[in-house]
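Undergrad: Each chain is listed here by its residues.
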Amino acid sequence: GAGVSQSPSNKVTEKGKDVELRCDPISGHTALYWYRQSLGQGLEFLIYFQGNSAPDKSGLPSDRFSAERTGGSVSTLTIQRTQQEDSAVYLCASSLGLAAFYEQFFGPGTRLTVL
Amino acid sequence: SQQGEEDPQALSIQEGENATMNCSYKTSINNLQWYRQNSGRGLVHLILIRSNEREKHSGRLRVTLDTSKKSSSLLITASRAADTASYFCATDVNFGNEKLTFGTGTRLTIIP
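So the protein lines, in turn, are chains L and W.
Using the numbering used here, you'd call the opening residue of the first sequence number 1 and step up by one each time.
Using the numbering used here, you'd call the opening residue of the second sequence number 116 and step up by one each time.
Just so you know, these hints were derived from the structure itself, not from any lab.
Each hint should be verified, as a subset may be incorrect.
[To be verified] Pulled from the structure, derived: some chain L residues nowhere near chain W, Cβ distances all over 10 Å:
(1) GLU20
(2) PHE65
(3) THR76
(4) ARG81
(5) ALA88
(6) GLU103
(7) LEU115
[What the hints assert, rightly or not] Output of the computed footprint for chain L on chain W, the stretches with three or more beta carbons under 8 Å from beta carbons of chain L:
(8) 159 to 173
(9) 188 to 199
(10) 213 to 227
Ideal placement from N, C-alpha and C gives every residue a C-beta, glycine not left out.
Throw the hints in and build the complete structure from the sequences for me.
TA: Right, here's the structure in full:
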């Protein structure tokens, strides 16, 4: 079956511009996560959606970052007024339930470069 | 600060040898997971070990967990070139079920 997909795979933008990153989770997965991975680093948690519950936004680094999940499926991560330090690979993952108990399936990521 | 920290940061071994990497964490956990990341397949789940388990096997992988020392190890036996990747441990924090904290990873290189 289809895995987690993300688009675009690469995004180059100029400092100050807004960007939108998209994630299509595996059908039926109620949990969706966004992470950020800087070069040579581990994954930094950004935001988590579970079913119809309010999202856990505790990992968002600033108010320039926001995310939504429409219809319990597709999610969009928006970064406003991008800065060079936002350059990273943004990874989306989905799972059947709570992260501590279920395997997370990751998408291929979106590589964001802010010039 | 990182919940999980892998050790060593980088490891190079000959094909056929065994590879061992370690993970230390700081808080109480429900479970610990290991993931592998390479350029070809992205980030892939390898194994989940529960806090009440001490050892778990999956194919050539053997994971141990010592909750008293807050540490885990991942052993890959009879390594292959395809095992070249970065390996990350991931845990929940203080029994927080909803999200995982990942370590910075061990970069494993298998020399043919």
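Undergrad: Now tell me if each hint is right for this structure.
TA: Against the structure, the hints come out as follows:
For GLU20 of chain L, the shortest C-beta to C-beta distance to chain W comes to about 21 Å, beyond the 10 Å cut-off, and the non-interface label holds. Look at PHE65 of chain L: its CB is around 16 Å from the nearest CB on chain W, clear of 10 Å, so calling it non-interface holds up. Residue-level check passed: THR76 of chain L sits 19 Å from the nearest beta carbon of chain W, beyond 10 Å. For ARG81 of chain L, the non-interface assignment is confirmed: its Cβ lies about 26 Å from the closest Cβ of chain W, beyond the 10 Å cut-off.
No Cβ of chain W comes within 10 Å of the Cβ of ALA88 of chain L; the nearest lies about 14 Å off, and the non-interface call holds. The beta carbon of GLU103 of chain L is not kept farther than 10 Å from every beta carbon of chain W, the shortest such distance being approximately 4 Å. Non-interface call for LEU115 of chain L relative to chain W: holds, since the shortest CB-CB distance, roughly 24 Å, exceeds 10 Å. Check on the region 159 to 173 of chain W: 3 of its residues sit with their Cβ under 8 Å from a Cβ of chain L, so the three-residue criterion for coverage holds.
Here the region 188 to 199 of chain W counts 0 residues with a CB under 8 Å from a CB of chain L, which misses the bar of 3, and the coverage is violated. Taking a C-beta to C-beta cut-off of 8 Å, the region 213 to 227 of chain W contributes 8 residues in contact with chain L, enough for the three needed, and the coverage statement holds.
The structure shown violates the earlier hints numbered 6 and 9.
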